[in-house]
Amino acid sequence: MQPWKFVRTNIGAYFKRWGSYIVLTSGTSLFISLIMIPIFNAMTQFVLKNSQVDYVSYTNLLNILTQHPFTVLLLFLILVLILLTVYSQFAFLLFGIEHIRHGQPLRLGKLLQQTFRSWGRLRPKMIGILMGYFIIILPFGHFVFNSQLLSKVTIPDFINEYIDEHLPLLILLIVLSVLIIWVAVRLLAFIPAIIMGNKSPNTTLKASWNASRGQFWRILWANALIAIVGGALTVVGMVSIYLIQKYIDTSFPHVALGFAIGNLTLLQIYQEFVLSFNTVMVLRLAIKLAEQADLLPQYDTPLVSDRKHKIIMRLAAVVLMILGGSVVSIVNFVYLEGLVTSNPLTISHRGVDDGNGVQNTIPALEKTSKEKPDYVEMDIHETKDNQFVVMHDENLEALAGVNKRPHDLTLKQLTKLTVKENGHQAKIASFDDYLKTAQGLNQKLLIEIKTTPMDSKGMLNRFIKKYQASILKHKDRIHSLDYHVVQGLKQKAPKLYVSYILPYNLTFPDTKANAYTMEATTLNGDFVSKAHDNKQDVFAWTVNDDTTMQKMMFADVDGIITDNLSELKETIKETNDKPSYADQILNFTVNLNTSFNTPEN
1 MQPWKFVRTN IGAYFKRWGS YIVLTSGTSL FISLIMIPIF NAMTQFVLKN SQVDYVSYTN
61 LLNILTQHPF TVLLLFLILV LILLTVYSQF AFLLFGIEHI RHGQPLRLGK LLQQTFRSWG
121 RLRPKMIGIL MGYFIIILPF GHFVFNSQLL SKVTIPDFIN EYIDEHLPLL ILLIVLSVLI
181 IWVAVRLLAF IPAIIMGNKS PNTTLKASWN ASRGQFWRIL WANALIAIVG GALTVVGMVS
241 IYLIQKYIDT SFPHVALGFA IGNLTLLQIY QEFVLSFNTV MVLRLAIKLA EQADLLPQYD
301 TPLVSDRKHK IIMRLAAVVL MILGGSVVSI VNFVYLEGLV TSNPLTISHR GVDDGNGVQN
361 TIPALEKTSK EKPDYVEMDI HETKDNQFVV MHDENLEALA GVNKRPHDLT LKQLTKLTVK
421 ENGHQAKIAS FDDYLKTAQG LNQKLLIEIK TTPMDSKGML NRFIKKYQAS ILKHKDRIHS
481 LDYHVVQGLK QKAPKLYVSY ILPYNLTFPD TKANAYTMEA TTLNGDFVSK AHDNKQDVFA
541 WTVNDDTTMQ KMMFADVDGI ITDNLSELKE TIKETNDKPS YADQILNFTV NLNTSFNTPE
601 N
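With the UniProt record's numbering applied, the sequence shown corresponds to residues 1 to 601, in that order.
One thing to keep in mind: the hints can contain errors.
[What the hints assert, rightly or not] Calculated pairs, BS3-like style, for lysine-lysine (alpha carbon to alpha carbon, straight line, at most 25 Å): (1) Lys-466 with Lys-427; (2) Lys-110 with Lys-16; (3) Lys-308 with Lys-372; (4) Lys-246 with Lys-573; (5) Lys-466 with Lys-416; (6) Lys-367 with Lys-384; (7) Lys-535 with Lys-512; (8) Lys-427 with Lys-457; (9) Lys-495 with Lys-535; (10) Lys-370 with Lys-310; (11) Lys-512 with Lys-457; (12) Lys-573 with Lys-372; (13) Lys-473 with Lys-492; (14) Lys-530 with Lys-512; (15) Lys-367 with Lys-427; (16) Lys-512 with Lys-465; (17) Lys-490 with Lys-475; (18) Lys-466 with Lys-384; (19) Lys-551 with Lys-372; (20) Lys-404 with Lys-416; (21) Lys-372 with Lys-530; (22) Lys-427 with Lys-416.
[What the hints assert, rightly or not] Derived Cβ-Cβ restraints for the label pairs, each shown as a range: (23) Leu-169 with Leu-81: 31 to 39 Å; (24) Lys-436 with Pro-69: 48 to 56 Å; (25) Gln-67 with Val-239: 30 to 38 Å.
Rather than coming from a laboratory, the hints here were simulated on the basis of the structure. Where is the CB? At the ideal position from N, CA and C, for every residue including glycine.
Construct all of the structure, not just a fragment, from the sequences and the given hints.
Encoded structure:
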């Protein structure tokens with residue numbers, strides 16, 4: 001296979017039948033986003049609610065597995081249905097692409113019939129192979145196959161940051177990523193061969209592997225060319241719209257808003273076109289490899305005239321784009337007029353700003369409070385003598401050079417230790433001293449209560465008795481990753497403001513918490529909307545770059561926890577200072593979600 005020849009030939013083929021391809025890809029995406037994802041969300045919520053499981057997190061997985069076996073079974077069945085839907089999505093797209101390529105009419109009934117018929121090949125062994133393929137490939141192989149249903153199959157940023165800080169883990173991740181990309185490329189023909197072929201699972205797997213033998217770099221280069229062409233199309237469209245709008249902003253300001261709405265909508269439709277192009281090109285490459293290995297059946301001759309079919313499909317594509325554009329134009333008006341201006345609470349993570357001190361120490365608190373964050377987030381552990389010390393880590397080795405846990409030492413012993421970070425050093429602080437300092441600075445705190453199996457049984461009761469009045473008086477807030485802490489605080493001290501920390505957005509929880517502190521990677525507008533409907537706030541953590549800050553603002557979060565407080569404050573100011581329409585379009589396109597069929601789940 002010659003990569004450039006393949007790409008050049010299929011670019012021409014795509015634009016020759018662009019109407020059919022857009023109807024196929026965009027229609028499928030809309031169906032998945034607007035129908036299937038809400039159905040699966042509702043099913044999951046129904047199962048959890050009726051099983052009296054308030055939330056799903058790694059902190060309660062063992063409890064769910066041991067105490068709710070029937071719930072586990074139902075959730076597993078939902079997972080199987082999701083994977084079956086993913087399989088069906090690819091099947092529908094692949095059969096549709098082959099119909100279009102061979103000049104056959106794009107008939108919904110025929111495509112559904114072929115898709116459902118392909119289920120007949122899903123024997124236990126085939127299902128096992130497919131599940132293994134998806135589990136191995138998807139976290140790293142989105143460039144090959146992707147689905148809105150699998151949008152949450154990603155590595156959270158806080159894990160990536162942890163890996164980046166530990167060289168052996170970073171090397172392992174790089175090696176693993178390279179290996180998985182290699183496997184993904186070598187098995188590129190596997191999905192179309194499994195879905196559309198008629199060979200046995202073993203034969204299909206071996207033949208798919210052999211189809212790419214000696215062609216790894218050519219296939220990789222073909223994928224790269226597809227990405228380059230798609231990227232070039234995106235940049236050309238973006239720059240063109242930006243320059244046009246910039247001219248209108250300057251020369252015709254009285255009509256600039258109307259043109260801005262139209263231009264942003266046009267750009268979003270154009271990007272759907274590019275997304276369709278990328279999807280079809282990658283799947284065509286996979287089909288090409290499967291054909292070369294003789295894994296696909298022959299297609300019949302066209303059943304309708306090519307010209308008539310193209311006209312019908314192009315009209316359908318135009319109607320689909322107009323309908324989609326009409327919907328997003330309303331959102332675009334709200335965005336461009338600044339009606340979704342967001343002023344989230346600014347929260348300094350562990351009391352620092354861009355490494356201006358040692359995390360969770362009083363000198364860092366004093367420096368950071370001068371920048372006037374709404375809250376300083378900090379962490380406390382119980383000590384050996386049942387006091388509270390300001391510390392994040394469960395081991396003192398990294399910061400204090402002592403291989404002990406906070407619970408191994410008394411508060412007096414801990415406060416004699418010096419911690420070092422970012423070229424600074426300071427003494428470990430007791431919670432009493434930290435709280436007193438914050439109150440003297442008129443600085444509100446977001447207190448994270450860290451727990452370990454060694455905590456005393458009366459830990460929470462002592463915390464409430466000693467600190468509740470002070471926390472309420474100074475309007476401090478609390479959050480914790482331990483649901484028992486959240487639940488206990490709301491039961492025993494209901495006036496306290498308590499947020500439940502969630503590292504991953506698996507499903508919307510059902511709790512009495514005042515808020516949720518959600519890791520930003522999988523946090524989306526749908527989660528925020530549901531929380532607000534329940535009169536609960538949402539804080540995003542840990543957000544350290546301006547792009548993610550803007551995404552979180554656009555999702556309407558109530559607070560942003562960051563290590564870069566000054567950058568967050570500047571980003572909020574710039575975003576709310578009413579930039580030109582051209583700049584708003586550029587910002588929306590580069591930093592925010594531009595697709596009108598992107599799922600929220």
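Quick rundown of the hints versus the structure:
1. Lys-466 with Lys-427: Holds - the C-alpha atoms of Lys-427 and Lys-466 are around 23 Å apart, at most 25 Å.
2. Lys-110 with Lys-16: holds (22 Å)
3. Lys-308 with Lys-372: violated (66 Å)
4. Lys-246 with Lys-573: holds (22 Å)
5. Lys-466 with Lys-416: Holds: Lys-466 and Lys-416 sit about 23 Å apart, inside 25 Å.
6. Lys-367 with Lys-384: Roughly 30 Å between the alpha carbons, so the hint for Lys-367 and Lys-384 is violated.
7. Lys-535 with Lys-512: holds (10 Å)
8. Lys-427 with Lys-457: violated (28 Å)
9. Lys-495 with Lys-535: It holds: about 15 Å lies between the C-alpha atoms, which stays within 25 Å.
10. Lys-370 with Lys-310: Violated, at roughly 65 Å.
11. Lys-512 with Lys-457: holds (22 Å)
12. Lys-573 with Lys-372: holds (14 Å)
13. Lys-473 with Lys-492: holds (17 Å)
14. Lys-530 with Lys-512: holds (14 Å)
15. Lys-367 with Lys-427: holds (15 Å)
16. Lys-512 with Lys-465: Judged against 25 Å, a Cα distance of about 21 Å means the pair holds.
17. Lys-490 with Lys-475: Given pair Lys-490, Lys-475 holds - Cα atoms ~16 Å apart, limit 25 Å.
18. Lys-466 with Lys-384: holds (17 Å)
19. Lys-551 with Lys-372: Status holds; Cα separation ~23 Å.
20. Lys-404 with Lys-416: Holds. Lys-404 to Lys-416 sits at ~14 Å (cutoff 25 Å).
21. Lys-372 with Lys-530: violated (30 Å)
22. Lys-427 with Lys-416: holds (7 Å)
23. Leu-169 with Leu-81: 31 to 39 Å: holds (34 Å)
24. Lys-436 with Pro-69: 48 to 56 Å: holds (49 Å)
25. Gln-67 with Val-239: 30 to 38 Å: Taking Cβ atoms as reference, Gln-67 and Val-239 lie about 57 Å apart, which means the hint is violated.
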